[in-house]
Amino acid sequence: MSLVYAKDDTEAEKRFSQYKEIDPFPSIPPSLLNGADIADYVAATGMVHPFYPEKLKSGSYEARIHGTCYCWDEDGKPYEERLEKDSDRFELKPNSLVYVQVEPTFRLPDYMALRFNLKISHVHRGILLGTGPLIDPGFEGKLLIPLHNFSNNSYMLKGLEALIWIEFTKLSPIVRYEGDEVVRGAPTSDALPRRGEYKPFPDDKKGQLPDYYFAKAAEDSLKAKPVFFSSVREIYRDTANKIKGFNETISRYKKIGWGALAAISVTIAAALYSMLTPTWSLINDVYNAQDQKWNKLVEETRFQEAQSNALKAQLEHQQEEIKALKEKIELLSAQQSVHPIKSNQSKTNAPSPKPKQTK
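The sequence shown: position 150 = 150 (the UniProt record's numbering), numbered continuously.
For the record, the hints were derived by calculation from the structure and aren't laboratory data. One or more of the hints may lead you astray.
The calculated BS3-like cross-link candidates involving lysine-lysine, where the alpha carbons are at most 27 Å apart (straight line), are [unchecked claim]:
no., residue 1, residue 2
1, K20, K57
2, K55, K206
3, K7, K205
4, K142, K244
Kindly generate the complete structure, drawing on both the sequences and the hints.
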């Protein structure tokens, strides 16, 4: 019998309320869940909605882009893009940082945590997520994924495009106390009484909008405004400012006069000469050594080629001699086969000797 998942968000929330604190599958040990266990828990608790079974792997679940993309222009002005359909597009520019929402709403029971990491295809493009943070049990809401494009290329993000892989980890059994009495939880056979207190997910952090997370992130920033830029972009700006200062310095030198500028140029040229002369000398020595090796190699090659040609000519001469000798042998063989026949014929045609008469 196939699993039945929540058909809408209301039903998912109802299932979550039923199993938020009660584990429906205590036989599954605390561990990183496999795909089958993930499917069982989602069907029972509604912890992921919407849920697509075909997006499961052996130990993780694929989540795709769906929602708002938060970004800032060059002047630090925030703007948003909606990525909800396959036709929706957003350009992730080089050295930029954006935040993207994924499709599922998560409701994590008290015994379940999750981590996520970027799909390897995005990593290969030069897009980084960093180590996926731990999402604690009790979280309710959507994930906001930071994407940092460290490459020099622009990439298009598409609505409903697969973005991250999520893994689920079941926690060790939770034991709750009232005073010294266990009010809920499996009995323990530990040598010492357990007194660890389970801290549920704070209610004020549930279902928060992205602005809440931006504000929280800005609290520890030296800049008291929730604007986040790529560190690489800051390096580019710093470099541009230095180039601008250098150009201004050149302009001031021009105002001094061409004579002073010429003197400065001579000084710079002398300094460069003193620095570069040893380098050029070393380069020249290397080139000379390479030329010597090359010339030696050419000479050896020519010598080998001459020897090869001589051997070839000698071989051809020997072949001619062998051919001539073969012809002589064939001629002699032919002569020997003819001469014995003529000798037999002469003996046959000769008159037989007369018998001697007796007196």
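The hints, checked one at a time:
1. For the hint linking K20 to K57, the alpha-carbon distance of about 25 Å falls within 27 Å, and the restraint holds.
2. Distance restraint check for K55 and K206: the Cα-Cα separation of roughly 26 Å lies within the 27 Å cut-off, and the hinted pair is therefore satisfied.
3. About 26 Å separates the Cα atoms of K7 and K205, which keeps this hinted pair within 27 Å; it holds.
4. With a C-alpha separation of about 44 Å, the suggested pairing of K142 with K244 is violated against the 27 Å cut-off.
Violation of the numbered hints given earlier is confined to hint 4; every other hint is satisfied by the structure.
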